[in-house]
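Enquirer: Residue-level listing of the chains:
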Amino acid sequence: MRRVGVFVCWCGSNIAGTVDIEQVKAAAAKMPNVAYVEDNKYTCSEPGQAAIQKAIKEQKLDRVVVAACSPRMHENTFRRTVGGAGLNPYLLEIANIREHCSWVHPDKVAGTRKAVDLVRRAVYKVAKNVPLQRASIDVTKRALIIGGGIAGIQAALDIADAGQPVVVVEKTPSIGGHMAQLDKTFPTLDCSACILTPKMVDAAQNQNITLMTWSEVEKVDGYIGNFTVTIRKKARHVDTTKCTGCGICWSKCPAKVSSEFDLGIGKRKAIYVPFPQAIPNKPVIDEKNCIFFKTGKCKACQMFCPTGSISFDQKDELVEEKFGAIIVATGYEQWDPSPYGEYGYGRYKDVITGLEFERLVNASGPTEGKIKRPSDGKLPKDVVIIQCVGSRDEAKGIPYCSKTCCMYSAKHAILLEEKIHAHSYVFYMDVRTPGKGYEEFYKRATEEHHATYIRGRVSRVYQKGDKLVCLGEDTLLGKKVEVEADLVILASAMVHQNGASKLAQTLGISYDQNEFYTEAHAKLRPVETNTAGIFLAGACQGPKDIPETVAQAGAAASKVISLLSKPKLETEPLVAQVNEAICSGCLWCKPICPYKAIDGKVVKERIAGGKTIERPVAAVNASLCQGCGACTVACRTGAMNVLGFTNEHILAEVDALCL
Amino acid sequence: MSVNEKAAPAAGPATNPTTATPAPEGWEPKIIGFACNWCTYAGADLAGTSRIQYPPNIRVIRVPCSGRINPQFVVRAFQRGADGVLVAGCHPGDCHYSTGNYFARRRYLLAKRFIEYLGVEPERLQVRWISGSEGQKFADTVRELTEKLRALGPQRRLRETL
Amino acid sequence: MSATFTDHQAALRDEVKKLLTDGSIKGFIGYARGRDSYHPVPAIVTRPDQVDGLILDQFSIFGLTKYLLDYIFEDGKMGIVVKGCDALGLGRLINDHRVDRNKVHVVGLPCAGVLNGEKVAKLGLGKVQRVTDKGSAFLVEGDKGSKELPKTEYLWDKCLWCENHNPAGADTLLGSEVENVAMKPRDFSDITALEKMPSAERAAFWTRQFSRCIRCYACRNVCPACNCRECVFDIADPRWVGNTVKLSEQQMFHFTRAFHVAGRCVDCGECERVCPMEIPLMKLQRKLQKDVIELFGNPKPFVPSEVEVLGQFRVTEDPEEFM
Amino acid sequence: MKYAYYPGCSLHSTATEYDATTRTVCQTLGVELEEIPDWNCCGATSAHATNHLLSLALPARDLAKAEQMGLDVVAPCAACYNRMAQTIHETKDNEVLRGRVSAVIGADYEGTAKAKSLLEVLAADVGPKVVEAKVQKPLKGLRVAAYYGCLLVRPPAVTGWDDAENPQSMDKLMTALGAETVDWSHKTECCGASLTVSRTDIVLKLTRDILDAAKAAGADALVCACPMCQANLDGRQGAVEKTYKTNYHLPVFYFTQLMSLAFGIEPYKLGFARHSIDPRELLHTKEIA
Amino acid sequence: MEMEVLNLTAVGPAGPAFAAQVGAEAGTNAFSCYQCGKCSAGCPLSYAMDYQPRQIMRLVQLGLKDEALKSSTIWLCASCATCTTRCPREVQIAAVMDTLRAMARREGYPYKERSVAAFHRAFLNGVASGGRAYELGMILGYKLSTFEMFKDIDLGLTWLRQGKLKLLPERIKGSASVRDIFEKVRKLEQEEVARQREGRPAAHEGMEGHS
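Protein chains in written order, with this note's numbering: chain A, 1 to 659; chain B, 1 to 162; chain C, 1 to 323; chain D, 1 to 289; chain E, 1 to 211.
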């Protein structure tokens, strides 16, 4: 006979509010194997856990059921509690009577009846639990960071500082990310390049950091501590060991192409570095626009290259590397405002996005910092800045607030006034300045730089002569207003990186409906994912500004450092297990396993008549198996089971719930 | 009817499960839910944290992956008296174990048709992909299934008569 | 007019005698005379002198491959005679790693269709003297009379749409291959008829069938796809299916067995033929075959393949109904 | 290609030239029109300003007739087209509402018939290439501002066949005829429609904005696809010039008039005499007619 | 609008009830509007309105029925749907204006823009009698009810000369069935107004259902 202890939690009023704790206790007492029942206001609290440990010892309990919140919340907490009392931590089951019951069923009678059923399920299941031990596996002491923006660079520097090797994979030819495109940064207006380039140079010179630019992650196998990642190093057509970055090749290259880094405002050559301070300062050849690749002629770059580093027949290279941990820092994209037909983006040249303005005002940008209108190059006198373009718009854009536009629009207003004494009209709905020094920055924009803030969304922008007429309503006055602007800047929304969901599927991490990656817990574990060993930093997890991004990068780096500094890693024991006595050796489980953890092996056996025979059976490599259980269903005879979720367990749970 | 099929009188138990006797007073359909830990169970938790109300007719069993849900568990649930079963997991491509739900999809494309073929009303077994951020969808699925089952009445086709 | 089974009887006996005497096989699994000339029975001979007991007649429908399971741990080879459908059954056992191909000597028997012994016996033709193949019919001459039996009426259903008349990969072949053409296209009309029934009516139909099941497990014992070392129905813990004779246990048994064989059945029809209570079990398997063909674009699920139907998937082509 | 033709009240009174040229253009392009027998007024703005059910019932009676004919409806007038599209849109997934409308009109309205504006049929279904092939006298040198008005393309959820902010279908048709179109800012700005009777001052102001924009864009004339807009832009142009001391002298064509002209139909048949701003003078100077 | 103080609590439960009823009839949720002003900015008529369209939505949200139904805005709205097309919260503002106009008329509110209401009445009278619009009759009817005898005489004459105005109305064969439509709708409306006065909920579509 088992001696099961059932601990029903009040969770303050979260459970007790709509579940009758006494009735649940009374019902639990009558369930098979239940020897002890107790309730507690806050079972997860220190006294709550102490009460469990006391009961285990005094009542000689050999199994524990905690009826409280979701196992995804506190299963580990209560495993440590039970372990602390000398009982194997896996002789524990959780009944989720909060998220799956009290919080969603207001009717107390039905809620209580369901809570009793959920407790009975846990009691029937725990009776079938067996003690399990955690196995330990070794850790590859090496980290991978996907994305070379400020998040990736900061995380790489922190990890390298802790003496652990790290590889940064960056899709574009240079690290730096979107921050490299910015001119000044709020709220201190210090120049983006001045604070970013030193970090980029540190990253390049740090022995522990390997930069793999112009490369992408192709495939990820394995699991925490033992990831095997295939990286595609795209053909650069430049031998980086020989190239000195002297720049003769791109000065001689005849092919002129619109520069992605300058968002089409500036041009670049077919062989190019995206921006002057690029790290590594080694060019790549853009096969789509290179005259040689198109027509087989030209080869100017090769002719003029003093170090002979150009090689046209270089091919993509697939490299396989082993890592213990991965940080995803792939950043964001600016939303393309073309769905706003009424703002004429793409139709009127002088309607530009915030990032495009950053390139205009940037001293190392295509216009050397002169804010020249794209249409006729004149300096704008009146500038309209439209907030929330795409953001907070379920109809044509995205439902959420992009968090950074209010601040960078205030910055643009200040820069416009400071540099060319232009007058900014900022059409806003709310000016959100939540950070330190942010409200003061907004005050400067209005008081010192005389930006006119008009509360109301612009309905339409149209060309009239060489002016752009913006129709709005000053909702504070209740009057229609019109501004004839020389330049219109759209504070366009911050959205997910292109192909974010594809990378998530490659990594096996989840993402939300806006293709931002889902953190393990919104408040308590913001930089971890539900996939052990994979961490998040920066805008790929949701819109955020540079201070927050750098903070997250540090946090993710510290998680990786603590993971990689462990000598061994303890793995979950909830893996597949074969009952060799009844296994027929058909091996139909083998093709199911995504981790290739199952293989055949031969066992020797004496059979009737004294003869020893050899027969094939399935064998599970416990360190590769992640416990998904897909193989168990292919096993007709039930020889293959998953510890913690065995056939016996689930059949018992079904029976318990159907009583 | 093929030559092998005999119309011999039923030698089994007295009550013929297909005669639709009306549901007892105050009857509430019972739904057994199998939910994968990484997506649907998390979605159900999200419905909880967002206080989305839905009928209390479902009891959820947590499994590591939808690939773990053996169709025999579903028939067992019907046998033990469940009126409806929900099998739910991650959207294809989102599986934490990368391929678990692809196998589940194949198994349940076949099993759902086969269970209906054996005479269980189609609405009783619902298979749905519900992600960790679709708390509302989880609640709606439970509500829809409960209403359909109320209309259908108790499940008697596979139920064990003691 | 292809040869009938009996024409190969002598050749079979010589082959078996040779194999037994030169020791290349330890025993041979074939057919012997049963209670009358319409019901042959399986026979296992181990000595040359017993070989004359082996017969081949147009009623030898029995699938013999499952007997091989008794010899997998014996050393030395076993011989067996296989028709086209039996060869698929043998393929199933081999793919399931239950039988080692190198420990079997396969004698292939080209087959133009097997007569349904129960039906022919009712015609009262007495002891059968000779059977000749007239193309669209078999002429059966018995001591009490003779009759031309149209194949479409007197062969087993599965023989009509069989596209596997010649056993592939046999070590020795009796006579020469017959024309491998199906007499009529594979017919799922009875399945679609059942599918179209309202669910209450279909439930009643299956209740009538399953309530007759006496759980004798003959269907499991004869099925080449049901080859587990320890069958899940014989395991006490966990008790997947109770062994009381109760309708819900029978429903669970038939669902479980059918689903275990889903995508693996070789369409040999033995389960239905051997069922003492005459439950139309092939209506279960052919429904699964029909769905596998429609859903997964696998035209011949009954031919054993490298990977099981349910052991693989297609990311985009597999139908998506669960969004 | 066959449609149930719904001319609407204006095409039988103030805009008969639009009706006539519609028929000739469709005939030339092989679009068969069968007028809905005994059609009734769609209620225009007044119905939906008075009672919602009335605004659905009036178009529904015509749609029900089209369903009997087994044809989709084509309506040259933007307002009629919009009212029908709105009725179809609202009753599409709402059997209860469709039942109530059928009860009120005393006939069976199933919501199966679709409604298209004439411009959509000619620009999308027929298409500029087929139109270009039929052109005998290209409108060389004629610079027009294509004016769509509001109801043709708005709201996109109900109409949805051309861009609600910068529609191009009429522009493409005009270029197919050999004319030149201008890119201008007031393509879809409302002209005030039925307020022309009750608040003429408003219509004068709105039409002035439109005429200003067209003139600023260097157009010789406006071309539109709605009798209401034509009446305001053409009929009220004199009053606008007087009130605001401006000078436009911009003729306002129906796009079917220009198509007929380009197809070689004699100008006198095109009802130019019924325009307030006589277009014939412009056509002479451009040696088109 | 004078600057008197609006006591919002004094509006009581009738406020949210009004907002809910407008939402139901217009088939939209008045509370989704976050007062961004994009509708007023793009409205071609808002320059002539006493309340901006956004402010009308604000009055509906706060349940200030009288101010909303006495405004000129609901009559000057030419239902060009620019607002509905561009609303970031997908609020059907044009449908709300329709609903408020119909509500003002059936509950006997004084019209701020009498001439617009008069025009609609005159237009519909023509349609009800002959099944099709009758411009000349409509203009005469309009002039009688607004006493604007000499307005647009010149335009009227030129249109008559150009044959743009038919002297006699086009009566359709089925004009009886069109009259029947008007009759049924009026009866349904009266039943609904009576029901609302007794506080019973709106029974049928007549009063709501823009889908």
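Treat the hints as calculated values from the structure; they're not laboratory data. The structure displayed is predicted, hence computed values, not measured ones. Just so you know, not all the hints are guaranteed correct.
Unchecked claim - Result set (DSS-like, lysine-lysine): computed pairs, CA atoms no more than 30 Å apart in a straight line:
no., chain 1, residue 1, chain 2, residue 2
1, A, 611, C, 26
2, B, 137, D, 129
3, A, 234, A, 299
4, C, 103, C, 300
Enquirer: Kindly indicate which numbered hints from before are broken by the structure, ordering the numbers from low to high.
Expert: 2
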